[in-house]
Amino acid sequence: MNFFNKRRLRNSAVLAGVITLSLGGFAIARTALRPTAIHTGLVLIALLFGLSFLNGRKKLPFLPLWKASTWVQIHIYAGIFSVVLFFVHVGFRLPNGTLEIFLSILFAIVALSGFFGLFISRWLPPRVTSSGESLVYERIPAHRQQLRKEVEKLVVDAERESGSSAIGDFYLDVLAPYFQYDHGVAILLGDPRRFEHRITRRIDEFSRYLDAGELETIGEIRELIARKRNLDFQHAAQRILKLWLFIHIPFTYSLLLVAIVHGWIALSYAGAL
Amino acid sequence: MPEQFQDFTHRGSVYDRPNRKWICGGACEGCPCLLGPSAKGKCQAGAKFDGRISGECLPVKHGDLWVCNRVDTHGGIPCNEGPLPDGSCCRAVAKCQPRPTLRRLRGQCVLLACLATLGFLLCLFSSESANNDGPPLALDAGPLSFSHAFLEKDCKSCHSAPELAPARLAGFNPHGFDQRAMSDGRLCMKCHTEIGENRGEFAFHPHTASPATLPKPSSLLIQRNPSLRLVGAAAIATGLDGDHISCTTCHVEHRGEMFDIKALSNEQCQICHQSRFGNFEKGHPEFDRMNYPHNRRTRIFFDHYSHYEKHFPEKQKTEPDAVPIGFDEARSHAESQSCTTCHSPSTDSGQMKVNAFEESCAKCHTKNVFSSEAFPVIAIPRVDIDAINAFVEFLGTKEKREEEQDAGAWFVDYQIQDGFPWPMLLFLDKETREKWDLLLKEGVDISDLSSASQDQLQTATDVVFGFKQLFVDVSEGSAEGKRGSAELARRLEANGYPAPAAMLNGFPQDAFLRFREKISPSKTAFLANSASEGKLSLLEEKLKAITDASDDEVKRQLARDLAVPYAWRELVREMKDYTEKKTYPIKKKPERAPRAKPPENPAGSTAPGEESFGEESFGDPAPATEESFGDPAPAGEESFGDDAGEESFGGGVDDDALAFGSGTDAPAEVEEPVDLQDPNATAWSENIGGWSEDQFMISYKSTGHSDPLMKAWIEALLGRIDDDAALSALRESLRFSQGVESRAAGNCLMCHSIDEKRDSTGKLTGAVVNWHSQATTPFKMPERALTHFNHSAHLLLADCRQCHVTETDENGRDRYKESFPSTESWNLGSRWFEKANPRLFHSNFRQLDKGSCSTCHNGSTADDSCLHCHQYHFPVSDAEAPIIDRLLNREQTP
Chain A
5 MNFFNKRRLR NSAVLAGVIT LSLGGFAIAR TALRPTAIHT GLVLIALLFG
55 LSFLNGRKKL PFLPLWKAST WVQIHIYAGI FSVVLFFVHV GFRLPNGTLE
105 IFLSILFAIV ALSGFFGLFI SRWLPPRVTS SGESLVYERI PAHRQQLRKE
155 VEKLVVDAER ESGSSAIGDF YLDVLAPYFQ YDHGVAILLG DPRRFEHRIT
205 RRIDEFSRYL DAGELETIGE IRELIARKRN LDFQHAAQRI LKLWLFIHIP
255 FTYSLLLVAI VHGWIALSYA GAL
Chain B
48 MPEQFQDFTH RGSVYDRPNR KWICGGACEG CPCLLGPSAK GKCQAGAKFD
98 GRISGECLPV KHGDLWVCNR VDTHGGIPCN EGPLPDGSCC RAVAKCQPRP
148 TLRRLRGQCV LLACLATLGF LLCLFSSESA NNDGPPLALD AGPLSFSHAF
198 LEKDCKSCHS APELAPARLA GFNPHGFDQR AMSDGRLCMK CHTEIGENRG
248 EFAFHPHTAS PATLPKPSSL LIQRNPSLRL VGAAAIATGL DGDHISCTTC
298 HVEHRGEMFD IKALSNEQCQ ICHQSRFGNF EKGHPEFDRM NYPHNRRTRI
348 FFDHYSHYEK HFPEKQKTEP DAVPIGFDEA RSHAESQSCT TCHSPSTDSG
398 QMKVNAFEES CAKCHTKNVF SSEAFPVIAI PRVDIDAINA FVEFLGTKEK
448 REEEQDAGAW FVDYQIQDGF PWPMLLFLDK ETREKWDLLL KEGVDISDLS
498 SASQDQLQTA TDVVFGFKQL FVDVSEGSAE GKRGSAELAR RLEANGYPAP
548 AAMLNGFPQD AFLRFREKIS PSKTAFLANS ASEGKLSLLE EKLKAITDAS
598 DDEVKRQLAR DLAVPYAWRE LVREMKDYTE KKTYPIKKKP ERAPRAKPPE
648 NPAGSTAPGE ESFGEESFGD PAPATEESFG DPAPAGEESF GDDAGEESFG
698 GGVDDDALAF GSGTDAPAEV EEPVDLQDPN ATAWSENIGG WSEDQFMISY
748 KSTGHSDPLM KAWIEALLGR IDDDAALSAL RESLRFSQGV ESRAAGNCLM
798 CHSIDEKRDS TGKLTGAVVN WHSQATTPFK MPERALTHFN HSAHLLLADC
848 RQCHVTETDE NGRDRYKESF PSTESWNLGS RWFEKANPRL FHSNFRQLDK
898 GSCSTCHNGS TADDSCLHCH QYHFPVSDAE APIIDRLLNR EQTP
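As you go down the protein sequences, you meet chains A and B in turn.
In terms of my numbering, the first sequence is residues 5 to 277.
In terms of my numbering, the second sequence is residues 48 to 941.
Calculated from the structure, these hints are not laboratory results.
From the three backbone atoms N, C-alpha and C, an ideal C-beta is built for every residue, glycine too.
For lysine to aspartate or glutamate, the following DMTMM-like pairs were computed, each having C-alpha atoms within a straight-line distance of at most 20 Å:
| id | chain 1 | residue 1 | chain 2 | residue 2 |
| --- | --- | --- | --- | --- |
| 1 | B | Lys414 | B | Glu361 |
| 2 | B | Lys488 | B | Glu779 |
| 3 | B | Lys68 | A | Glu142 |
| 4 | B | Lys203 | B | Asp231 |
| 5 | A | Lys157 | B | Glu76 |
| 6 | B | Lys897 | B | Asp335 |
| 7 | A | Lys63 | B | Asp63 |
| 8 | A | Lys62 | B | Asp63 |
| 9 | B | Lys810 | B | Glu762 |
| 10 | A | Lys153 | B | Glu76 |
| 11 | B | Lys89 | A | Glu142 |
| 12 | B | Lys477 | B | Glu489 |
Listed next, with one range per pair, are the computed distances between beta-carbon atoms:
| id | chain 1 | residue 1 | chain 2 | residue 2 | range |
| --- | --- | --- | --- | --- | --- |
| 13 | A | Asp208 | B | Tyr62 | 38 to 44 Å |
| 14 | A | Asp161 | B | Ala163 | 52 to 58 Å |
| 15 | B | Gly93 | A | Asp208 | 46 to 52 Å |
| 16 | A | Phe96 | B | Gln384 | 49 to 55 Å |
| 17 | B | Gly154 | A | Ala216 | 53 to 59 Å |
| 18 | B | Ser907 | A | Phe8 | 45 to 51 Å |
| 19 | A | Gly95 | B | Ser899 | 34 to 40 Å |
| 20 | B | Pro258 | A | Phe120 | 56 to 62 Å |
| 21 | B | Asp63 | A | Ala72 | 16 to 22 Å |
| 22 | A | Trp268 | B | His298 | 22 to 28 Å |
| 23 | B | His298 | A | Ala20 | 33 to 39 Å |
| 24 | A | Ala20 | B | Phe219 | 30 to 36 Å |
| 25 | B | His298 | A | Phe96 | 17 to 23 Å |
| 26 | B | Pro258 | A | Trp268 | 33 to 39 Å |
With the hints as constraints, model all of the structure from the sequences given.
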């Protein structure tokens, strides 16, 4: 069992224990006719602020408050616990107040996006790693441009040497769109090599008409096609690894705002304020 | 061609700064400029630094020479052209449009989301509910339950502090929860007046009941069940400790119209209870431990065994219709299936009620009720008047007394011979009562004062004059300006009897006039005084009206009006000699008839039929020239009463009088024979009942079952067990110790049991009669008040005998009777109420078996939850009105 599995097992056990204790405490308090909604609400809003502090922690890297990975682990398991606590708080039913409905929708968006982020952060990185060279996301457009220039240079050189426009025409018809654009998140779904294979099949059909020099050029182009596939995969994967936060983080702040208002109203009517 | 895109060597890689908010527009083309965009996102291509224009690099000065400073990632140094003479770069960079980084875009999204959220919240707080008369949408916590739905727009009805104040954020008060819950709960009490005894005083106590009613909370909260001990501890630790359990502890609102706000789990019920309730079948205590359902005496004494084994078999031989349907002589009571003849399920309360007297008992016991004796209310007590007169004469103040009080001597011929009219004591003024009590305490009998001391004679004299004062005040009017039954009512109320009107309803006021006459030595003077003061009695007024009327028809009508309502009973009693004739002549002769000379009456009394309305004569003796009262009365003069103390109407009358019956002055002309009902006085008295006056004793006889006046008297007397006169009246006048078959006036109390009434300290304060078989005030039985059972629902599935098994052991059967007062116990004097404790009871039915319930109520066949049979709230009696009534009233109120 590797480190990550051990850590996952340990953290899951801790989470299960905390959830069990919390549900037990909730059951006791509820049976004792205590205002469990107030108690769970206070814990939940504290938990939400704690979860959101992960972002702040990343902005304050100089603080000696555990490693970022530890924070992420806390964030993940505390997030799961907050979902359980949310259901306990609302009494395992759909809320029916206007503000409460809005708050629940926000919580659902944040929670679901969090689970989505957790999923892709566990699913994509191994695939990105096995896909080929790991690239810096911000450099990928430049790499795509560089790759396109390289393949165009090969095509121009081949035409000059062979005096034939066959490769050039083939480039314009088939290869140029492939090198010009990427395939978006579609490349993450299914076999990421299917776009590459589609091009290489066309190249195979085209190669029978080429001479030895042109075939050498086509061989180099094949390598560039493979690198473009990695480039596209990396771009799509890293983009989605970054874009899910565009949902998770903004809605988290919305959630915090509405939760504060909800808590203010609830505590005011309950008499604590 | 390199196999890797990236070169992370210090010469082959640019320094990426992903935390920057802007990225060069040429980066996507793979040729970002060296300087990059400014912090504000502006392109810095061609920007001047120290007067030198930047390009692919910004040359540096080495000595006097400007040297190219281009980095390897942008072509390396030096460029072919080199820096310009002024130090500017010769290779200008094209301007681009910097692009925001993902970080900046995400920040913008966060800002946008926050602004949108704040805007949305602002809309929620500023917008009102759909119909513009409710709270802002932000405060819409969801629909209320169906019962409270009408309050949805009125937050103040339920929330004591509905206004939100941002300033409150600074003042967090962890103890405010309970305080607010209590203040909100008090708002609930405005509608739910049925919660909490004493008009909500105990609404926040366990079971909303008085601590005196239920066991102490401290003992309740001791948990013996380990699984619930933690819960109990949590309850105690967080404040659920007995006297401030708010409504919201159990009832949570804003959960939708169909949400059951009364739902409570079995475990929640048990956090305060000591016994463990795993479930009803296995954990619930046996019924015998709780004396369920009978831990009190039945309100109506009915011995099933004596009826089924003795009375019904006898009755079946003579009146088969009188026995219950289904009664089988061959079957014992334990096997009988005739329960529903006398019992029927109540649709509203779920109880098995006893059918009304008329349905269940009247066939056999009507005679007991109608043949009961009258009980004397007012009578002339027997007084040793000789001893008193001698004493007064001895003192030399007799004349003074007579002058002052105008009461005269005691009329010894009309005083009752046996016993004492105890209810009369209730009408005496306070001073007389105190003196009476003193005589009673000293063992002095006012009917025999031969051995009384001088002080006791003085006291007895005062008592006698107190009685006389009563007669005078009632007949003439008291200093308080009241007379007749109003004066009697005033005296009752002054003596602590709060509902005198019900006790004196229909009281024959005119009878007091005759009392007054009999005890006065000078009726002429009395009448003269009364007339001068304008204080004629009712009868006097009517008689005077007859005399003064000029028209004969008016006289006749007045006489008829007078005779029928006020003197009917007395009339028919006097006229019993004429009862055989069935018709009664009425004179119509308009002229005044010549006054006839009265016949000689050796006995000194007016013969029946000789009584007349003419000149009035009251009392005896009187000179013949004056108005005389009593006998001998000349014919043609009105006389009230004779020696027998009976009044008579009729006989010789003058021209403006109305004559009943024949007499010496019977009119010659009889014009209109009136067919009146057979005035059989005996039958009237025995069958009809009501007030009657005979021998100057005003008494009351029950008019039938549930006679309101009898009930009023009994309730009034039982309510004042601190008054010896009341107890004596109960025991001696009502004589309810005589048994159900007796003709005693108070024989209703032999079936209707009496319950003691105690105050909060346990002191006996009175007693109440159980007029009904079912409790009209269930809160009197705390443990039963929290339990409900619907007989109707169960009768469909089981017969009565499945649960109600009769006791077969003879000892057990007889113990039922022993639970009720016997003749001996009533004769214990003031200790009679020792048997008034309804808790000291032994049923002649066996204790219910819990197993008969758990056969079905086991959680699978039928519900076995706590709330299925129990309710939390203790019912109260002083609720204003049902909520729905008040709501309807409020709707109708503009």
